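K.L.:
Listed below are the residues making up each chain.
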Amino acid sequence: MMKKDILICGVGGQGTVLASRIIAAAAMTEGNTVHSAETIGMAQRGGPVTSHVRIGDEAYSPLIPLGKADLIIGFEPSEVVRNIAYLSPEGIAVVNTAAVKPVTASLSGSGYDGSEMTAYLKKRGGCIFADGVAECEKLGSVKFLNILLLGIAAGSGGLGIEKDTLTGEIEKRVPEKFREANLKAFMNGYEIGRG
Amino acid sequence: MKEYVMGNGAIALGALKAGVNVACGYPGTPSSEIIETIAKYPHEGLHLEWSVNEKAALEVASAAAYSGARALVTMKQVGLNVASDPLMSLAYVGVEGGMVVVSADDPGPISSQTEQDSRRFAEFARIPVFDPSSPEEAFEMIQDAFDYSEKYKTPVIFRPTTRVDHGYASVEASDSYVPKQFEGFKKDAGRFVIFPRLSYKNHGMIEERNVRIGEDFSSYRFNTAEGEASEKAVLAGGISYMYAKEFLKDHPEVKLIRVATPYPFPESFMLRELKGVKELTCLEELSPYLEEQILKLAGKHALSVKVFGKLTQHVAAMGENSADSVKAVLERFLGLPEAEKKTRTEDIPPLPARPPVLCAGCPHRASFYAVKKAMEGQKTYYCGDIGCYTLGNAMPLDMVDTCLCMGAGVTMAQGFSHVDREGKAFAFIGDSTFFASGLTGVVNAVYNEADITICILDNSTTAMTGHQPHPGTGRNMMGHVTQKISIPAILEGIGLAKVITVDPLDLNKAVAAVKECAAMEGVKAIIFKSPCIAIEKSSKKCTIGESCINCKKCIRETGCPALTLTDGKVCIDASLCTGCGLCAQVCPVSAIGGAS
Chain E
1 MMKKDILICG
11 VGGQGTVLAS
21 RIIAAAAMTE
31 GNTVHSAETI
41 GMAQRGGPVT
51 SHVRIGDEAY
61 SPLIPLGKAD
71 LIIGFEPSEV
81 VRNIAYLSPE
91 GIAVVNTAAV
101 KPVTASLSGS
111 GYDGSEMTAY
121 LKKRGGCIFA
131 DGVAECEKLG
141 SVKFLNILLL
151 GIAAGSGGLG
161 IEKDTLTGEI
171 EKRVPEKFRE
181 ANLKAFMNGY
191 EIGRG
Chain C
1 MKEYVMGNGA
11 IALGALKAGV
21 NVACGYPGTP
31 SSEIIETIAK
41 YPHEGLHLEW
51 SVNEKAALEV
61 ASAAAYSGAR
71 ALVTMKQVGL
81 NVASDPLMSL
91 AYVGVEGGMV
101 VVSADDPGPI
111 SSQTEQDSRR
121 FAEFARIPVF
131 DPSSPEEAFE
141 MIQDAFDYSE
151 KYKTPVIFRP
161 TTRVDHGYAS
171 VEASDSYVPK
181 QFEGFKKDAG
191 RFVIFPRLSY
201 KNHGMIEERN
211 VRIGEDFSSY
221 RFNTAEGEAS
231 EKAVLAGGIS
241 YMYAKEFLKD
251 HPEVKLIRVA
261 TPYPFPESFM
271 LRELKGVKEL
281 TCLEELSPYL
291 EEQILKLAGK
301 HALSVKVFGK
311 LTQHVAAMGE
321 NSADSVKAVL
331 ERFLGLPEAE
341 KKTRTEDIPP
351 LPARPPVLCA
361 GCPHRASFYA
371 VKKAMEGQKT
381 YYCGDIGCYT
391 LGNAMPLDMV
401 DTCLCMGAGV
411 TMAQGFSHVD
421 REGKAFAFIG
431 DSTFFASGLT
441 GVVNAVYNEA
451 DITICILDNS
461 TTAMTGHQPH
471 PGTGRNMMGH
481 VTQKISIPAI
491 LEGIGLAKVI
501 TVDPLDLNKA
511 VAAVKECAAM
521 EGVKAIIFKS
531 PCIAIEKSSK
541 KCTIGESCIN
551 CKKCIRETGC
561 PALTLTDGKV
571 CIDASLCTGC
581 GLCAQVCPVS
591 AIGGAS
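Sequences listed follow chains E and C, in order.
Using this note's numbering, you'd call the opening residue of the first sequence number 1 and step up by one each time.
Using this note's numbering, you'd call the opening residue of the second sequence number 1 and step up by one each time.
Calculated from the structure, these hints are not laboratory results.
Nothing here was measured: the structure is a model prediction, and the numbers come from that model.
Accuracy of the hints is not assured; some may be wrong.
Said to hold, decoys possible - Simulated crosslink set (BS3-like; lysine-lysine; CA at most 30 Å straight-line):
#1 K373(C) / K68(E)
#2 K373(C) / K552(C)
#3 K300(C) / K151(C)
#4 K529(C) / K373(C)
#5 K541(C) / K138(E)
#6 K372(C) / K509(C)
#7 K249(C) / K3(E)
#8 K68(E) / K4(E)
#9 K4(E) / K245(C)
#10 K184(E) / K509(C)
#11 K540(C) / K552(C)
#12 K184(E) / K163(E)
#13 K172(E) / K509(C)
#14 K186(C) / K68(E)
#15 K245(C) / K68(E)
#16 K163(E) / K2(C)
#17 K143(E) / K232(C)
#18 K515(C) / K569(C)
What the hints assert, rightly or not - Here are a few chain C residues that face chain E, going by a calculated C-beta distance under 8 Å:
#19 P42
#20 L391
#21 I500
To be verified - Residues of chain C placed beyond 12 Å of chain E at every Cβ, according to the derived structure:
#22 F182
#23 S240
#24 A244
#25 K245
#26 H314
#27 G377
#28 E449
#29 A574
In this text, a Cβ means the ideal position worked out from N, Cα and C, and glycines have one as well.
All chains should be modelled from the sequences, with the hints used to inform the complete structure.
P.N.:
The structure is reproduced here in structure tokens:
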């Protein structure tokens, strides 16, 4: 039986929920007990969101304790930093380096572009970086970001779930007309993750 | 078959398994998915509805329960305040069929106005309350709740919290639904018509009965104790029990007591489990309910036990508990050395603030902006309400001066108009909130000669809680197409001085409508009608042309999240832009194009 704690973080509207559901479903298909928790409600409107996916029988609490996450899948660099205390010393973080600029930053003209966050994470170590938006634009839409990042996580080996189990769940959950593009996004990510 | 569902889904599936005949509620985070889940599973013969508000839902359910049917009512904790009038009386009258009132509490609060505790409400109404600690348990416990309700002929409260409602787990879903068979309403005025004499009689009966329920709960399957008998023990309820269990799995020498039925308190169970316990830490969220029960018990039975918790400042008075906060409390309680921090956090760069905002292209932004422009330089009162549009408070719009509770925008604007005839008072209210509790306020304002402008932000849905239908949308939860109830027709029927419907994305017309209404005396209404962008997907995009002088007025005035700065230059994030065109109408040099 696998034991794994996965934290998915980003900004409301980026598609973190679908990523967490695919991981949960795939882990269950492989015979594991899974619990997860998501941010729903007001924070979804452009605020920081997290999904906690806990795989294994020993996880009672729906939320991962600090320092216990085996994997962080980060949709936005500052959101990874916001949640970095959850990552275990041996854990890895998949980081989309493309920043989502909050209205507060545009109004204050602070010039936030995520680079400071990425620099911090590089110094810390244990991270796999990719410009998810640029990678997705190659496929024609940023809407594939969640599946791309999922692919990177799978390729890195940090997910501990078979590739075919994941693609099977993606096929089940993605509308027919976007299926091929999503599988392509997953495979592109997978290659990035393998390094 | 096993299904991986949200805690609210588990509650819905449990209620279906219990053969619930009528389910109704009003949307509210974190409770909304219960009714929605019922709609997705087999429920042939069940009456399902989004009621206009929680009071209506509870009354519909009461009649079903009087008839012997099983009834489920769902709401968030503040919804219970709205439903409290019928609930308090219903507690005296009782029910024939099982009736469970789900009131979802929201420690944090994450998405609510208050940190109220529905366990207190149960005690106040003198009715039993169930407190699940996981989605799996919620699935089982809601079925128990129906059984106990029927056994004691009383409505019961079922109170999950956000982490249970929105946690996911696997539960056994049935692919068929077997409704409870019931006999129907039997007239009995002595039982179902509440009069002072009946209340007096039933009050005594209820107090006597609650002692028996407390005894019954003393052997309830989810009131448990684990670990060895110890001088130091932990008492927990709800999700805090799971946090404690996770920590204490490495400390089996400490007894963990869990109470899943806070009221009527299972006294015999607790007296049994407290034998030999000299120190007890209570872990719970919202209010020190269990802690106070122990103090009462200790006084009543002269127990010698030191009780730690919220009342002794060992546990935070407000906010959520977490695995980490519970760990810290218990490490201190057990005298364990505090575990070393594994991650250094001191060198973390300053993080950008990310308060929730109205979506890019949200028509509410345009409505607020139109009022702001029209009223520039005048003394105003902007009374907000509950919904996505509460986010109109954020900079740079800054268009919400007050927000109190559902429907209060209209009545508070009226109040301001009576204490200040000079200022112009505005109420902002969404379409769903208007039906829920705005309507009576409008009547009150007309009757009492207010001078206000009511802005109805009609996006044809209940957006904040996940796009539920309402009386104005023309469809209901039975899957039927229904008569669309027209907000302008209602307002004209009440006899408002002026009712204007306008598209908020047409800025000039919207500003003109606001000016016209603000200049008139009496109760006026503007219906800003434009669909929620999450429902009516747009493929339009705005683009910035070369004539842009980079004055940043678009960002400064609208605060739309699709407008960003890259290397100091204004850009439009095409993945967010819906082409609403508000920025194009704000731009002083007409540099933005691509909108309608």
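K.L.:
Among all the numbered hints in the text so far, which are the ones the structure does not match?
P.N.:
1, 10, 13, 14, 17, 18, 19, 21, 23, 24, 25 and 29
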